[in-house]
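Please work from the sequences and hints to get the whole structure.
Line by line, the protein sequences give chains A and B.
Sequential numbering from 1015 applies to the first sequence in our numbering.
Sequential numbering from 15 applies to the second sequence in our numbering.
Derived from the structure by calculation, the hints contain no laboratory data.
Please read these numbers as outputs of a predicted model, since none were measured by experiment.
Glycine is no exception: its CB is placed at the ideal position from the N, C-alpha and C atoms.
Among the hints, a few may not be true.
List of simulated lysine to aspartate or glutamate pairs, EDC-like, C-alpha gap at most 16 Å [claimed, not checked]:
1) A:K1249 with A:E1203
2) B:K259 with A:E1141
3) A:K1223 with A:E1021
4) A:K1223 with A:D1034
5) B:K174 with A:E1112
6) A:K1192 with A:E1041
7) B:K261 with A:E1141
8) A:K1079 with A:E1021
9) B:K179 with A:E1112
10) B:K173 with A:E1084
11) B:K167 with A:E1084
12) B:K167 with A:E1112
13) B:K173 with A:E1042
14) A:K1224 with A:D1034
Here chain B is said to cover these stretches of chain A; the calculated rule only asks that three of the stretch's residues, wherever they fall, bring their Cβ under 8 Å from a Cβ of chain B [what the hints assert, rightly or not]:
15) 1076-1089
16) 1096-1107
17) 1110-1123
Residues per chain are reported as follows:
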Amino acid sequence: MTKLLIENISKSFGENQVLDQLSLRVEEAEFVSILGPSGSGKSTLFQLIGGLFAPDFGEIRLDGKRINGETGSISYTPQSPSLLPWRTVLGNILLGGEIVGEIDQALALKMIDKAGLKGYENAYPYELSGGMKQRVAFIRSLLSPQSLICLDEPFSALDEFTRLEMQNWLLSVWEEDKRAILLVTHNIEEALYLSDRVIVLSEKPTQVKKEFIVPFPRPRQASILLSEEFLSWKKKIYNELRVIM
Amino acid sequence: MKIWYKGWRPALVLILLFIVWEVSCRLFEIPKWLLPSPSQIWLEGAAGWSNYHHHLTSTIGLTILGFLIGASVGIAVAVGLHLIPKLREAIYPIIILSQNIPIIVLAPLLVIWFGFGILPKVIVITLVCFFPITVAALDGFRQTSSELMHYMKMAGATKKQIFWKLEWPYALPSIFSGLKISATYSVMGAVISEWLGAKEGIGVYMTLASSSFRTDRVFVAIFLIMILSLVFFALIVSMERMIVKWKPKGDGKRRD
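Right, dumping it as C-alpha cells:
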C-alpha cells in the first residue's frame, strides 16, 4: 500500500522555480532516501510535505488523503535536533504526542531505556552530547502519532563514529517497528546503507532524476559497507550525481 | 558563598569610598546640614527607625502594588502586540513616545485628573515599569528560534500551542531581564509618585527632611531607596533561578 504519493508537484518562490513536476512515492514500511545536490530543493520538498506551504500545482497524498498545505500529518525531524531547551528529555519526547493530545509516558520511558538514555529522563538538553540529543529527537519522531517519518539530514552534524552508531541504532529500532521513512541526505553511503530505495534529484528546477532499488538484505550488516558490491553501487550513484553537478 | 567570592571587589571599593567620605567630612569640618558623614547618617538611620519605619512600609506596599500592576500590563501589552502584528505596527511607536513624556511633568497632571488617592501613584509606577518589560518580552517572542518554530508547525501545533509551548518559554529569560530593570525602576517610581502628595512614604519623608535641612535624613532616604531596589532586584533574580532552570549553570560551559 502506498503511504505517501507525490504527484507532479511544482513550486516557485517568485521568479525562482524550485520544484518542477516532481513525483515520488513511499510505500508502507519502506525506507526511502532522497539524494540531491545542495540547493536542489530538498528542504522545500519537506516543507511542502509538512504543509508549511502548499504546492503551486500537483498533489500530495498521505494514505490516499490529500494533504496539500496541511500541517501535522507527518512526523518531522529537522537537521538539528531542535529540542526545546526548557523541557527535559522525557518532556521533549512527549511533545509530538502532546500536540495532538496523545501522551504515552510508559512507552516513552521504554524507548528512552532502549536508546541507552536511561537515567537521563530528567536531564535538560544542554546536558546531553550531540549524539544523545539526536537520539532524543529520533525517539520523539518515532513516538509521534503520525505514520510517515521525515528525516532532514539528521546525521549531518555528527562525527563519523557517532554517525555510524546512530545509523545502526536507527536501523535496529526501525526493524522492530517498520514505519515509512523518508530521509533526505547528501551522503551516498548513508542512503545506500539505510534505505530500500534511493531517489536522486536533479538540479533546480528539481525533478526526480533516477531511482535505485537497493538490493542488500535486511537486517543490514555493517560489514556490507566495505563489500565490492556496495562500492560498485556507490560508484553508480556517484556517477549519476556527478552528471548533475 | 559565591556572592562573597565575587562581591569582595565592589565591597572593597564601597568601603574605601565611605572611608574617604568620612575622613574628608571630619578633616574639612563640613557642617552636617551641608554633607553629613557616613557615621552620622548611620546614627540617624539607626536612631530614627521609629520616625520612618511607617514611611518605609508604605513605600514597600506601593512599590509592590505598582510593580505587580506594571509588570502585568507590560506582559499583557507585549503578548497582545505579539499575537496581532498589525496592532504592533500601530502601537509600538506610541509606546516609545510614552516613555518620552517626563514623569515629573506628568505626575502633577495625574493628580489634577485623579486626585490624591492611590490611582495616580499606581499610574506613575506602571508607566515607568511596563516599558522595559514590554520591550524585552517582545524581543524575546520575536527571537524564537525558527527551527523550533518549523518543527512545531510541521507537527501540527495550533497557534495557541505554539505560543504556550514555544514562544512563551523561549521569551521567559528576556521577560526576566525586563522584570529586573522594572523592579529597580518601580522603587524610584513609587518615591516620585509620593512627592505628588501622599500622607506617608519615603518620598514624603525625603521632602520633609530636605525642607527642614535635615540632610542626614535625606541621605537615610537615599540609602533606603537603594537597599529597597537591591532587594527587589535580588527577589526577581532568585525567582528567575527557580523558574529558568534549563540554562547551563556556572560558567555556561556545555557538556558536549
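Quick rundown of the hints versus the structure:
no.: 1; hint: A:K1249 with A:E1203; in the structure: holds (10 Å)
no.: 2; hint: B:K259 with A:E1141; in the structure: holds (12 Å)
no.: 3; hint: A:K1223 with A:E1021; in the structure: holds (15 Å)
no.: 4; hint: A:K1223 with A:D1034; in the structure: holds (12 Å)
no.: 5; hint: B:K174 with A:E1112; in the structure: holds (13 Å)
no.: 6; hint: A:K1192 with A:E1041; in the structure: holds (11 Å)
no.: 7; hint: B:K261 with A:E1141; in the structure: holds (10 Å)
no.: 8; hint: A:K1079 with A:E1021; in the structure: holds (13 Å)
no.: 9; hint: B:K179 with A:E1112; in the structure: holds (10 Å)
no.: 10; hint: B:K173 with A:E1084; in the structure: holds (14 Å)
no.: 11; hint: B:K167 with A:E1084; in the structure: holds (10 Å)
no.: 12; hint: B:K167 with A:E1112; in the structure: holds (13 Å)
no.: 13; hint: B:K173 with A:E1042; in the structure: violated (31 Å)
no.: 14; hint: A:K1224 with A:D1034; in the structure: holds (15 Å)
no.: 15; hint: 1076-1089; in the structure: holds (count 5)
no.: 16; hint: 1096-1107; in the structure: holds (count 5)
no.: 17; hint: 1110-1123; in the structure: holds (count 4)
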